[in-house]
Structure formats: structure tokens, C-alpha cells
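Trainee: Sequence:
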Amino acid sequence: MRLATTLLFFIGPILCFSQSGTAMESARKKLEAKDFDGAKSTLSKIIDANPKDKTALSLRGQARMGLEDFYGAIADFTFALEIDSTYAEALNFRGESKIALADDYGAIEDLDKAIAYNPGYADAYTNRGFARYNIDELQDAYFDFSKALELGPPDADKYFNRGVVKAELGEFVSAIDDYGKAIELDKKDASLYNYRGVAYYNTDSFEKAIKDYDMAIKLDPDDPLKYENRALAKSAMEDVKGALEDYDKAIELDGEDPETYNLRGVLKYTTEDFDGAIADYSRALELDDTNPTYYDNRALARAGKEDYAGAVDDYTASIELYPSDPESYYQRGMLKLLMNNNYDACLDLKRADEMGSPDAKAAIRKNCK
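Here the numbering used here = 1-based position in the sequence shown + 32.
It should be emphasised that the hints constitute simulated quantities derived from the structure, not laboratory data. Treat each hint with caution, since some may be false.
[Stated by the list, open to error] Label-pair distances were calculated between CB atoms; the ranges are: (1) V205 with K337: 39 to 47 Å; (2) E304 with D391: 16 to 24 Å; (3) Y354 with P83: 56 to 64 Å; (4) D320 with A81: 51 to 59 Å; (5) D391 with M371: 39 to 47 Å; (6) D116 with V205: 19 to 27 Å; (7) A55 with E216: 36 to 44 Å; (8) V272 with E352: 17 to 25 Å; (9) E100 with A55: 45 to 53 Å.
[What the hints assert, rightly or not] In the DMTMM-like style, the derived pairs of lysine to aspartate or glutamate whose C-alpha atoms are separated by at most 25 Å in a straight line are: (10) K61 with D85; (11) K240 with D221; (12) K77 with D67; (13) K213 with D255; (14) K66 with D80; (15) K179 with E169; (16) K61 with D101; (17) K243 with E291; (18) K273 with D255; (19) K337 with D255; (20) K86 with E100; (21) K86 with E141; (22) K179 with D168; (23) K273 with D236; (24) K220 with E270; (25) K240 with E288; (26) K250 with D218; (27) K84 with D101; (28) K84 with E114.
Positions of the beta carbon are idealized from the N, C-alpha and C atoms, including for glycine.
Modelling step: build the complete structure from the supplied sequences, incorporating the hints.
Mentor: Next comes the structure, spelled out in C-alpha cells:
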């Protein structure tokens with residue numbers, strides 16, 4: 033009897049362990065399938081049975097991240113770290129959750145520790161790179177993304193991340209190289225072509241930019257930004273008709289973006305379609321009446337139609353929003369001269385000169401006694 037009792041005593045824990053292991057495996061599969069509610073439910077049962085299971089706590093935290101419950105996720109990772117303060121996985125995911133909550137400095141503290149405990153942890157370098165990017169520590173972000181690539185395995189996202197930082201640093205040629213490597217690994221991601229197109233545009237390689245935007249639009253034809261980007265490249269190639277068609281399509285897809293109307297207005301202004309430009313600038317201002325550039329641009333178009341009073345009104349509105357721009361004072365002053373209002377014109381020109389306008393001094397010498 034003693035032998036039988038002893039055997040039963042040991043069989044019990046083995047069965048429990050087996051059930052727990054099966055449940056854990058089930059939870060992992062649910063996480064992989066993005067069944068975050070199901071994973072969370074399964075893991076909660078495991079934790080109820082064993083509150084000190086750091087793996088289950090970490091996995092439930094990841095499920096909560098999938099549900100965008102980042103505060104709950106942080107709580108689970110913190111509990112896991114109370115059990116094992118060197119648990120790099122929990123530190124990494126807690127850092128990632130903090131990034132989602134815009135606590136980038138707190139994230140960096142966690143990710144520093146994750147890397148210290150596991151120097152080969154590529155994901156921790158990637159996440160720290162994101163946090164550093166968010167606080168404009170671009171050189172440090174560049175280092176982290178490069179380290180993640182060094183540790184491997186290489187993938188499109190890692191090259192893309194580094195390419196974005198290189199572009200932010202003005203290293204467009206090198207960024208193009210990283211975007212190209214990302215495209216080799218993932219030829220179906222429209223954003224990769226779009227970002228490389230932007231980099232080509234910034235190196236004045238407009239034809240290559242257009243080809244990349246063409247591919248980006250083929251893969252994702254419903255994104256207005258891609259049409260807007262292609263319109264800019266076509267404008268640089270003096271393809272006004274093609275650029276206008278792209279702006280029209282961007283507005284068809286999203287009629288609530290004031291910048292698209294502004295850009296289309298600029299293009300119409302260059303073709304001396306002043307009425308069309310004014311209509312676009314007016315629509316931009318309906319959507320965002322706090323942008324002084326839109327008033328400046330409409331003023332130029334109104335001046336093109338010799339509506340000097342309307343142009344002066346727009347420059348006045350621009351100055352109220354942004355009083356430190358000498359160009360607005362200079363332009364308003366020159367319009368007042370055309371309206372024979374020399375006194376007020378000279379006040380504007382003198383103000384522009386005091387603010388550093390390169391053209392105001394000559395205008396003052398010629399028109400202001």
C-alpha cells in the first residue's frame with residue numbers, strides 16, 4: 033500500500049504539469065493566430081493555478097498588448113519581473129508597451145536592462161531604436177537598428193527601419209540602399225516603394241521616384257498620400273497634367289486634407305489658373321484656417337488677378353497667425369504701393385527690413401522718403 037500511495041503522490045503533479053504545459057502550448061498557438069482574447073483567457077487560468085508562473089504572466093501581457101490594453105500588459109510584465117528581475121523578455125515587452133503609451137524614456141530604461149541581460153536580443157535593440165527615434169535621438173536609433181540587423185535574422189522591417197532613420201538624417205542615397213534590400217525581401221509591401229520613392233525624390237531622381245510610386249499605387253491604389261507624392265514628382269518633371277490628375281485622385285480618396293488642396297492650388301497658380309488656385313486655397317482654409325501659408329498663397333493668387341485689397345487682407349490674416357515672417361510684411365507693403373497707400377506700405381517695408389528681409393531695403397530707398 034505504501035508503494036501505491038507513493039506512486040499516486042507523484043502521478044498527481046505529473047498530470048498537473050502535463051495539463052499546464054498543454055494549456056501553455058494552446059495559449060502560444062492562440063497568440064500566434066492573434067486570438068488574443070482566447071490566449072488571455074487560457075493564460076489567466078494557468079496564472080490562477082500558479083500565480084508565480086513568470087512565463088504565463090509574460091504571455092498574458094503579450095495578449096493584452098494585442099488587445100491594446102497596454103496598462104494591463106505593463107502590470108503583467110511587472111509581476112513577472114517581481115518574480116525574476118532579470119527576465120529580458122518581460123523587460124522588452126514592457127518597454128514596447130511603454131512606447132505605445134508614449135513613455136519613451138521609461139521604455140529606454142527597460143530596454144537597456146533587457147539588452148544588458150541578453151546582449152543578443154535583436155527585438156530589444158529594434159524597440160529601443162523606435163523609442164530613440166521618437167525622442168529624436170536619431171544617431172542612437174541608427175545604431176540600434178544596425179545592431180538588430182547585425183544580430184539577425186535580416187528582414188524587410190529591419191532594413192526599412194534603418195532606411196527611415198537614414199532619410200531623417202539626410203542620408204538619402206544610403207536610405208535608398210536599405211529600402212532596396214527591404215524590397216528584395218518583401219516585394220508586396222507598398223509602403224517600401226513609397227518610401228524609396230520619397231528618397232529618390234529628395235535626390236532629384238524624379239523618374240525613379242515616379243516608377244516607385246507607380247508600383248506603390250499598383251499595390252495599394254486607395255492611399256491618397258501615394259498619389260500626392262507622385263504628383264509632386266510629376267510637377268518636378270513639368271508634367272502638369274499628370275500631376276493635376278494625381279492631386280484630383282488624392283482628393284477623391286480623401287477630401288478632408290487641406291495640404292492636398294494647397295498643393296494643387298500651387299500647381300494651378302504656376303499655370304496662371306488664378307481662379308482655380310484661389311478655390312483650392314479657400315478650401316484648404318475651410319479645413320484649416322490656422323495655417324499662414326495658405327493665406328500667403330491665396331494672397332499671391334489674388335494679386336495675380338489684381339485683387340490687391342483681397343490679397344492685403346490675406347497677408348494681414350497671415351501676419352496675425354505668424355507675425356515673425358518678414359516676407360509677409362514685404363509682400364503686403366508692395367501691394368499697398370500698388371494701391372497708392374505709400375504711408376502704410378512704407379511702414380510694412382520698414383518692418384520687413386528690421387526683420388531681415390533681403391529685398392525691403394531697396395524698396396524703401398525707391399519708394400519711401
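Trainee: A separate judgement is required for each hint: does it hold in the structure or not?
Mentor: Now the hints, each set against the structure:
1. V205 with K337: 39 to 47 Å: Hint holds: Cβ distance 43 Å, inside 39 to 47 Å.
2. E304 with D391: 16 to 24 Å: 23 Å, holds
3. Y354 with P83: 56 to 64 Å: 58 Å, holds
4. D320 with A81: 51 to 59 Å: 56 Å, holds
5. D391 with M371: 39 to 47 Å: 19 Å, violated
6. D116 with V205: 19 to 27 Å: 45 Å, violated
7. A55 with E216: 36 to 44 Å: 41 Å, holds
8. V272 with E352: 17 to 25 Å: Violated, at about 33 Å.
9. E100 with A55: 45 to 53 Å: 24 Å, violated
10. K61 with D85: 18 Å, holds
11. K240 with D221: Holds, because 17 Å separates the two Cα atoms, which is no more than 25 Å.
12. K77 with D67: 16 Å, holds
13. K213 with D255: Within the cut-off at roughly 23 Å; holds.
14. K66 with D80: 22 Å, holds
15. K179 with E169: 16 Å, holds
16. K61 with D101: Between K61 and D101 the Cα gap is close to 20 Å, so the pair holds against 25 Å.
17. K243 with E291: Given pair K243, E291 holds - Cα atoms ~23 Å apart, limit 25 Å.
18. K273 with D255: 20 Å, holds
19. K337 with D255: 35 Å, violated
20. K86 with E100: Within the cut-off at roughly 21 Å; holds.
21. K86 with E141: 20 Å, holds
22. K179 with D168: Distance ~18 Å between K179 and D168 Cα, so the pair holds.
23. K273 with D236: Roughly 20 Å separates the two Cα atoms, so the pair holds.
24. K220 with E270: 30 Å, violated
25. K240 with E288: 29 Å, violated
26. K250 with D218: Roughly 15 Å between the alpha carbons, so the hint for K250 and D218 holds.
27. K84 with D101: Answer holds: K84 to D101 is near 22 Å, not above 25 Å.
28. K84 with E114: 9 Å, holds
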